[in-house]
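Trainee: Turn these sequences into a full structure, and let the hints steer you where they fit.
There are 4 protein chains.
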Amino acid sequence: MAVKAPVEVIPETYSYVFSPYREPIARVGQGQRVVIHCEDAFESRIRSADDLPSRALAGAKFLNPQTGPIYVEGAEPGDVLAVRIEEITPTRDFAVSCLIPFFGGLTSTSITRTLQPSLPEKVWIWRLEQGNLVNDELELALPWQPFMGTLAVAPDLEAITALSPGPFGGNMDVPDVSPGNTIYLPVWNEGALFYTGDTHARQGQGELCGVALEITSKVTVVFTVIKGRSISWPRIESADRLMTVGSARPMEDAARIAYAELVGWLETDFGWQRENAYQLLTQAGGLYVGNMVDTTYSLVASVEKRYLRPGEP
Amino acid sequence: MAVKAPVEVIPETYSYVFSPYREPIARVGQGQRVVIHCEDAFESRIRSADDLPSRALAGAKFLNPQTGPIYVEGAEPGDVLAVRIEEITPTRDFAVSCLIPFFGGLTSTSITRTLQPSLPEKVWIWRLEQGNLVNDELELALPWQPFMGTLAVAPDLEAITALSPGPFGGNMDVPDVSPGNTIYLPVWNEGALFYTGDTHARQGQGELCGVALEITSKVTVVFTVIKGRSISWPRIESADRLMTVGSARPMEDAARIAYAELVGWLETDFGWQRENAYQLLTQAGGLYVGNMVDTTYSLVASVEKRYLRPGEP
Amino acid sequence: MAVKAPVEVIPETYSYVFSPYREPIARVGQGQRVVIHCEDAFESRIRSADDLPSRALAGAKFLNPQTGPIYVEGAEPGDVLAVRIEEITPTRDFAVSCLIPFFGGLTSTSITRTLQPSLPEKVWIWRLEQGNLVNDELELALPWQPFMGTLAVAPDLEAITALSPGPFGGNMDVPDVSPGNTIYLPVWNEGALFYTGDTHARQGQGELCGVALEITSKVTVVFTVIKGRSISWPRIESADRLMTVGSARPMEDAARIAYAELVGWLETDFGWQRENAYQLLTQAGGLYVGNMVDTTYSLVASVEKRYLRPGEP
Amino acid sequence: MAVKAPVEVIPETYSYVFSPYREPIARVGQGQRVVIHCEDAFESRIRSADDLPSRALAGAKFLNPQTGPIYVEGAEPGDVLAVRIEEITPTRDFAVSCLIPFFGGLTSTSITRTLQPSLPEKVWIWRLEQGNLVNDELELALPWQPFMGTLAVAPDLEAITALSPGPFGGNMDVPDVSPGNTIYLPVWNEGALFYTGDTHARQGQGELCGVALEITSKVTVVFTVIKGRSISWPRIESADRLMTVGSARPMEDAARIAYAELVGWLETDFGWQRENAYQLLTQAGGLYVGNMVDTTYSLVASVEKRYLRPGEP
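Residue numbers (the numbering used here), protein chains in the order written: chain A, 1 to 313; chain B, 1 to 313; chain C, 1 to 313; chain D, 1 to 313.
These are computed hints drawn from the structure, not numbers from a lab. Keep in mind the model is a prediction, meaning the values are calculated, not measured. Not one of these hints is a red herring.
Note that identical chains are pooled: a pair holds if it fits in a single copy or bridges any two copies.
Cross-link-like lysine to aspartate or glutamate pairs, in silico, EDC-like; alpha carbons within 16 Å at most:
| no. | residue 1 | residue 2 |
| --- | --- | --- |
| 1 | 218 | 43 |
| 2 | 61 | 156 |
| 3 | 227 | 73 |
| 4 | 305 | 139 |
| 5 | 122 | 275 |
| 6 | 227 | 269 |
| 7 | 218 | 12 |
Mentor: Quick look at the structure:
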């Protein structure tokens, strides 16, 4: 398929929900390079260490603005949408992180409730300098390793907050949703209705305090629609690994989903006998925590492609 | 400290429990190389594909035999025991894995009960050949990457089955308990009362089916007792990373323990301010699943040592 | 407020989603008796022991049809909607329950995934006879104790499947959503946008197999809008108890939400000091499981009203 | 079996562990009335509102002292021990409750870790007056409804802290472990090795703050050994209900255990077909939370005996 000239998607307003009920803001073809402009998770309300969330976000009814939905031509319910991320370019020279009251991995939250007071608020500004993110208070430079915190299609019937991960992808906060990798998502609506946003300049596994290095960006993707296939949860393919993402609570259910999907992938596409796939992943599978802070936790199971050759069809 | 001649610990019987109530089978000094002979998790009852667990393990009242307790001279309650693993040598030329009814990550279990029938039993034999583990049915060779599935000190007051991980270490099934790394454990008893066993020729993250590549071995360790320090959960140090292990259910509690312990390590030993440690781990922490199959799940949080220099004392 | 003549709400189509994006099917005033006609959870597709779910539900894209949204005059975002259930009348003479593959409390599910086969399907028909539900196979008569499995307002921004419970109420499957009791729900939309359905002729605590005694019905409710109050999760008031419903996974999070909300209710409305409310509920609180089978689990915390008098304003 | 004269068991020291490694402090026969003297959970260190836990418990290495082990003649591994509780008599005129830092249902804990500060400490003294427990600060009288928070046999192989519930019973904190009821426990050791303690003058469901109304007591029990039966988890029988107790984390696993055990009880003892037992409990089962604060959570599933008659052998 010939690659066409890039299309720019510059939103006028953002969506705070992955919804089949919104009008597409753009229509794009398969194989095109699509350059999508994204706000950061706080819609740029936090820009300095003084912008404490309780004040800076006071006027924000919702968080995590998404660019979308983007209608992908040819996508129909039952297909698989393949999203290859070509490039993520920052559109400002700093990233922000912060502590938000009752949000994060080492605090009680609105779901894991306690009667304790919240942790104090705090903002960190990390400057983007020569391929690193630099924070003066931590006296530290960390490498630029960007990825999309949020990448989704519209669910079937439901409209889900952009703060949630799920079978539709969403706010997975998985560092492997990154340039060079292809993300596969189920399609439930005509045109797939793609959303993305929440660019992270980098993030550790777990997104511990709940806020990665949030940045505005342009992300370049290429869509392909796969007919005659059906998947239940997001999948990621890198140069050398197959990955599946499960999102659920408690966290062990996310782990079970991720690994069960990977067993299924090996069965369906690589001709593995189920018990042998279970054995392979026992001895050679990877399993890391993408996020331990969102409405459901996202875990990533993986296996190296080179181990799959024997049974390959 | 001068390294003395190696001491061999060859058990006459095994322990199925991490217990302060058992007599030491050996006394060793600090700084000595200690070579510990270990049975596999099934006490070598499974040796071929025909040794289905329901038959082969019928006579086994308990599983996961441990070598110990080993009394480490100079260790007193409140100290930290540092265990450097120098080498793991296989003492047979094959490893075994199997499916045991109602045990594993993708089946209901005695804890996560359902009314469904169990998965079918099955045994895989992996031959150890030239640094690889080879299975003919999977037509696959995987690298030899051995570690100790179980490594523990006796708890305080309690005697805990060798199938359990916990603050005392135990059956963590964490691949970083491997040659070249040092494991730190809390000490609750005179002599620390060290146990180890359950050698794994290799294992994926999560130990998905519940049974890694189980092998008999000799493991060489060197003990050091650290006075004036106190830790609550196991820690691991490699050439380039600090790691903490949390074991709990649900899995998110294991994640919280691991990361909270790592925050504390950065505060106490590296002079980090708590919120900044929380921030560092958010952007640069690692978090993988060691086991998703044991009585509690073990998660490993980590950070690269090179990021800790700024605040180092 | 004078009670007006009853209004009948007879839907032409049903909603499978609690959505702010649907047009109201009726507008009703406060204080009116409203008689709402409801389908059963299977839209009456299962009517005999031969109607196995895999066949009978094959044509059903979605389950749990709801009657709504009903626009309640005067309700505005930030208010509380009080729904008094006056009466539930069955509109047929039998109730159904069944085993659905991979759904229920003692089976693996789409969230708690395993590789095991499903339990066998089965349908039970219970005849409604003289105030009892009678099943011949079980040779048993159980009392008619009806309640609404599902009762909700539209969420803010999101459209959520009618299979889910949440802060908006929804598919809580809590037996205290019953005649004589008043349910309080947060209001996020003009007119509140009320939905109900999933009538249960009776149900045990936990709704163990996932399917209660499902029946079609007419339910009579009276709405009142409470201004100047704000709640975060559903509350229930009976003649003698205050109850709060928390829905989350893992189940302990649902328990924490329910009890934390009840502590807050005692503080706000009854002048209790927080620690003393915590103490009272420790010694005299109730906590039962409504459902252990839905997308999140619903737990009900409660306290007897007679214990609240001392601090009452 | 003729009831013999009561035997008094007055311990000289207490056990903080359910252990098969301790010498029996008494030997009793079956059918005898045995009067067991018990300390409270704090070994009477907290006696006034000024005895804040951080000070009063500073000298206590362990909590929850147990009276035992008591050797029951005739009990052998594989049997069932039936413990009928005849009476609980307080041995002082007040009960205590308190808030202990990082312990309880609405705070982060050593298992559910956060970086937040603890809740403030506080002690409540409740006077025992004419069948009520009276607290002046709450201006409240609650009825005396005593039960044993802890009741156990020694486990197999393990020695488990008296703070834990489990298959052996233990620190279940289940209000139905009360006078008039019979508790059934598995037997793993000669003489069963029975322990009890942690008397509660009363407690709500969940034991929300982690500390019930703790009191010293004499409890009168009668032991019976049941041969040729085998159970896996504790069971309780009252005049009108059968109950099973499951203890696990996350809480849904405790629920699954409790209900799966109850299905098994109906199958084995009452001739119920498995699917029909599953159906009965769906429509008529009870499921409440005993504790949501201990090392594992204890849930109680139940069914009314009158519904079991049809299939009774």
